[in-house]
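Peer 1: The primary structure of each chain is shown beneath.
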Amino acid sequence: MKKFINDPEMVVVEELEGVALAHPDLVKVHFDPNYVVRADAPVQGKVGIISGGGSGHEPMHGGFVGYGMLDAACPGAVFTSPTPDQMLEATKAVDGGAGVLHIVKNYTGDIMNFEMAADLAKAEGMQVESVVIDDDVAVQDSLWTAGRRGVGSTVLAEKLCGAAAELGRSLSEVTDVCIKVKNMGRSMGMALTSCTVPHAGEPTFDLPEDEMEIGVGIHGEPGRARLPLKPADEIVEMLMEPIVSDLPYKAGDEVLLFVNSMGGTPLIELYIAYRKAYQICEQHGIKVVRNLIGSYITSLEMAGVSITLLKMDEDMLKLWDHPVLTPGLRWGK
Amino acid sequence: MKKFINDPEMVVVEELEGVALAHPDLVKVHFDPNYVVRADAPVQGKVGIISGGGSGHEPMHGGFVGYGMLDAACPGAVFTSPTPDQMLEATKAVDGGAGVLHIVKNYTGDIMNFEMAADLAKAEGMQVESVVIDDDVAVQDSLWTAGRRGVGSTVLAEKLCGAAAELGRSLSEVTDVCIKVKNMGRSMGMALTSCTVPHAGEPTFDLPEDEMEIGVGIHGEPGRARLPLKPADEIVEMLMEPIVSDLPYKAGDEVLLFVNSMGGTPLIELYIAYRKAYQICEQHGIKVVRNLIGSYITSLEMAGVSITLLKMDEDMLKLWDHPVLTPGLRWGK
Amino acid sequence: MSIYRDDTLEWITACADVLDENSHYLTKLDAAIGDGDHGINMDRGFNAVMLKIPEVADKDIGTIFKTVGMTLISTVGGAAGPLYGTFFLQAGMKSTGKMELNLEDWLLALESAVAGVVMRGKAELGDKTMVDALSPAVDSLKHSMDDHLSIGQAIQLSAEAAKQGMVDTIPWVARKGRASYLGERSAGHQDPGATSSYLILQAAADTWADS
Amino acid sequence: MSIYRDDTLEWITACADVLDENSHYLTKLDAAIGDGDHGINMDRGFNAVMLKIPEVADKDIGTIFKTVGMTLISTVGGAAGPLYGTFFLQAGMKSTGKMELNLEDWLLALESAVAGVVMRGKAELGDKTMVDALSPAVDSLKHSMDDHLSIGQAIQLSAEAAKQGMVDTIPWVARKGRASYLGERSAGHQDPGATSSYLILQAAADTWADS
Ligand SMILES: Nc1ncnc2c1ncn2[C@@H]1O[C@H](COP(=O)(O)OP(=O)(O)O)[C@@H](O)[C@H]1O
Ligand SMILES: Nc1ncnc2c1ncn2[C@@H]1O[C@H](COP(=O)(O)OP(=O)(O)O)[C@@H](O)[C@H]1O
Ligand SMILES: [Mg+2]
Ligand SMILES: [Mg+2]
Ligand SMILES: [Mg+2]
Ligand SMILES: [Mg+2]
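Protein chains in written order, with our numbering: chain A, 1 to 333; chain B, 334 to 666; chain C, 667 to 877; chain D, 878 to 1088.
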């Protein structure tokens, strides 16, 4: 394992220390329980927005705390959902009297831990809503399984809900925005290499030089299929087809196209992916009206790409364009 | 070689096509000769700022074209400096009558190609200044060698000069800002893994599982020494000591601390590096007043980290904080 | 014969030991069909438990189990944290004020613990989760009660039932938890949570063999 | 005996071939002490040259060499682009209007070409660059002139001198170009640019052996 770390045990804490030193103007970091919270929290009268999940997906979620996005983020151990006390304390810290929205990615652990936290917070008299993001079309959806994983749409939900809250919308209105993202967003990812959980010390999976994992999860969960390595354009087709046909996205739809690096894939390759994804949208008559290209929801150093489409309406465009000022996403401020 | 590409020959062109599709509001991409230029170029009466170099360092330089930073960027083949016709055409395209500054990284190829372009541009009656950035303390400086390489300070120079030009400063004033960055910035990098030039198809160097390359160049040039892999904090010390003692940075100095990923190192590890670098500054009484943390000057998918210190004064702070609106760096707009 | 307060403390210690020893093994199982952290998660949780236990070592069994549960909830995270946390919390509820447990007490505690896991995780038998190891253990205990076996014998049989349940998960397709994302590809792998459940119940059997 | 226009075209084609064949080798040399692209750069440049050459194949040698130079400048990039570009531009200047070159013409062309490289790159003998192969070739040509050798013989000797110059670079510490960043660690490696220079001059010797 080759990582730029000290002790595997200390990775999350030391990273959070770095965040605290780097962005004191934007965020405060609370330790034990661990959460990252807006420097000016709680914002009175504003709906508070919280997300969280295992570490190793940076900048998600801690990097999205700040004006116009999250009020707090709860980082768990690497790839392990955080514990209820983190979410409870964070919820208390951001509650400005207008209620708190929990944006949860659909993983059994995240669901259960957030559920316990929400129960505890409600028991203490707080108003809490939860929306579960489950946009990964790599996974077959069914009432009988854990359902789809939450991936790229989460970043977009955090942005749009953050803007809605900033605009003074109510908890139920902000929740509706989140549900819209949940309903209108679809994603799929793939890996060229495995990631290595620091504590585990060896790659989560073995991927021979000439193979790739299509439909991989952001924790290195195996995907739909292991296939021979293909040129970028073919891979993008393999990702786009299930995405487009799932919602389905149709001619005339306006979308945000989000091309994401799993961590180890550099920007030069992302633009090659973006180019092909854009062309496929064009072929379908789908209009790309906004985009996001970069490392936003990662899997440690895994090489790979994920693509998210989000169908946009006028309100969502307005919320997307609203200023945001966080360590990981910043414009207009 | 595992890359998300189609044909190694087409990497740069396809990436540029992606950039063109992704950011038509910010930039135009010109092909043959290849350059990325501000959508609104030339800005009349404003000093034009151009940089360029081999591709593979994204977002540098093409990702820094836009309001408040570069007017144009000339991408060469991967790790190969661009040709004079690219710089000549780009210079013409951005000349708004106030002259053009070429920000050149100190590599023999970049120097010679920019030199030829500047000669040609001057012959056509344009006013051109050039500043060569050579901030890499890993390399011994001497009159008898090619001197130090240009690395991280280049990004900072592009930001500060871009702001100065936006504020209406003259070519000689903008050039002075660039010279100040050249004089006040120092950098050093290291690699955990090699990068692979697409065309070459195999890693530029072999680095065993338990070794690292200290002082590596952004083209995978071997560095000062190959050493056993160490914990992050020790590595940061090995990078910071030569940087701090070179200028030297002294107690009371105000600096911008730039912690950069070589491409394959994820954000979680960068914050661990930032934490230690900040602490070392503190120990020296050096005050970190601004920072930049992320993948800004990369070496394809190389895993590794580089650190840049830039001593700031009041004017530089003002220029740093000035709005910037480019694909790769964005705030205030 | 009874399980005394100190026996439960011994069991918790044995759990910590066996999970530490098997941390890598559990993680490998989880890497195959999950995200490769189950062993790390359980080890982290029981390390925290071992630090917490001295504070309540002189309390009743209910308090001890509840403390284990609360500690697991706030240190394990992931799916296993709320599930094993609920497991011990529920066992603790049923043991409130008790300084010793007879076989019926233990059955009620375990039954309630497993019911808590099912309520929290909504998994059914055959979904390829820890429930597939836990549920058969409860059933086995019930039979042993009917057959008037000793606690030691009964608990050994219940651990064996858990083991069988664990092994049964191998060919199944997961329908709950992270492994369910794999669909058919989850078949052929033993469920890590079922494995840790077996280890925990086997630790009870080993610790209480003479009860 | 003379080098005719068609001989120069043949030489350029031979350069393209030999650089294509040795692209991987040159790149490996460059990977050791540079950035691993020299072979790719030269190959890209001479591929472009081969596309351009037909347009000027009926012109004078000066035009042909200048076209090679301009094409290399606008397609090679890196250090080698301006250097080899200047090399052929300068050779072209000295051959303006000529349809054939005698030994003295070739000497003047090569001398001017190498002077152009030195002017552009400011490298001195012993800096471990292409100059270390090119300069000895010029010196050798001068001696051959004095010794009244045939063009074919003279050019073969100059290629041998280039080869010796190339081999001489191995133990040296680079003082120019990317390899200079390595300091002492550049010793023990043959300079890629000196190698391509030798290959180019050897291609001339092979092509013009009977001139
Ligand atoms: N809904 C559920 N009900 C019961 N057990 C579950 C459920 N989901 C997951 N599990 C158990 O949790 C185990 C995984 O735990 P762990 O790896 O620690 O959590 P995570 O999947 O969050 O990484 C699985 O092997 C399975 O036995
Ligand atoms: N200043 C210089 N003068 C002469 N030759 C040089 C100089 N700098 C570099 N070279 C030559 O250029 C070669 C490297 O070319 P190449 O790899 O194509 O360019 P780059 O170093 O930009 O990648 C070196 O091996 C050396 O022979
Ligand atoms: Mg997990
Ligand atoms: Mg090069
Ligand atoms: Mg797991
Ligand atoms: Mg080179």
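To be clear, the hints were calculated from the coordinates, so they are not data collected in a lab. Check the hints yourself; a few may be wrong.
Which residues of chain C face chain A? A few of them, derived with a C-beta cut under 7 Å, are [unchecked claim]:
1. Val-784
2. Arg-786
3. Gly-849
4. Ala-853
Computed footprint of chain A on chain C, listed as stretches where at least three residues anywhere in the stretch have a Cβ under 8 Å from a Cβ of chain A [stated by the list, open to error]:
5. 700–712
6. 811–818
Below, computed lysine-lysine pairings styled on DSS-like, alpha-carbon distance capped at 27 Å [said to hold, decoys possible]:
7. D/Lys-936 <-> D/Lys-999
8. B/Lys-666 <-> A/Lys-318
9. D/Lys-999 <-> D/Lys-1019
10. A/Lys-2 <-> B/Lys-666
11. B/Lys-583 <-> B/Lys-666
12. C/Lys-694 <-> B/Lys-335
13. A/Lys-2 <-> C/Lys-694
14. B/Lys-515 <-> D/Lys-999
15. D/Lys-971 <-> D/Lys-905
Model, not experiment: these values are computed from the prediction. In this text, a Cβ means the ideal position worked out from N, Cα and C, and glycines have one as well.
Peer 1: Work down the list of hints and note, for each, if the structure agrees.
Peer 2: Here's how the hints hold up against the structure:
Using the Cβ-Cβ criterion of 7 Å, the hint placing C/Val-784 at the interface with chain A is not satisfied: the shortest such distance is roughly 12 Å. Residue-level restraint check for C/Arg-786 holds (minimum Cβ-Cβ distance to chain A is 6 Å; threshold 7 Å). A hinted interface residue such as C/Gly-849 counts as satisfied when its beta carbon comes closer than 7 Å to some beta carbon of chain A; here the least separation is about 6 Å, so the hint holds. Because the closest C-beta pair between C/Ala-853 and chain A is about 12 Å apart, greater than 7 Å, the hint is violated.
Using a Cβ-Cβ cut-off of 8 Å, 7 residues of the segment 700–712 of chain C lie near chain A, which meets the minimum of three, so the contact claim holds. Residues of the segment 811–818 of chain C lying with their CB closer than 8 Å to a CB of chain A number 0, which falls below the three-residue condition for coverage. Note on D/Lys-936 and D/Lys-999: the hinted pairing is violated, with a Cα-Cα distance of about 32 Å set against a maximum of 27 Å. Taking the CA atoms of B/Lys-666 and A/Lys-318, the gap is near 15 Å; set against the 27 Å cutoff, the hint holds.
Taking the CA atoms of D/Lys-999 and D/Lys-1019, the gap is about 22 Å. The hint holds against a cut of 27 Å. As the CA atoms of A/Lys-2 and B/Lys-666 are separated by approximately 39 Å, the hinted pair breaks the 27 Å bound. At most 27 Å may separate the alpha-carbon atoms for a hinted pair to count; B/Lys-583 and B/Lys-666 exceed this at roughly 34 Å. With a CA separation close to 25 Å, the supplied pair C/Lys-694 and B/Lys-335 stays within the 27 Å bound.
Under the criterion of a C-alpha separation no larger than 27 Å, the hint pairing A/Lys-2 with C/Lys-694 is consistent with the structure, at around 19 Å. A hinted pair counts as satisfied when its Cα atoms are at most 27 Å apart, and B/Lys-515 with D/Lys-999 qualifies at roughly 23 Å. At most 27 Å may separate the alpha-carbon atoms for a hinted pair to count; D/Lys-971 and D/Lys-905 exceed this at roughly 34 Å.
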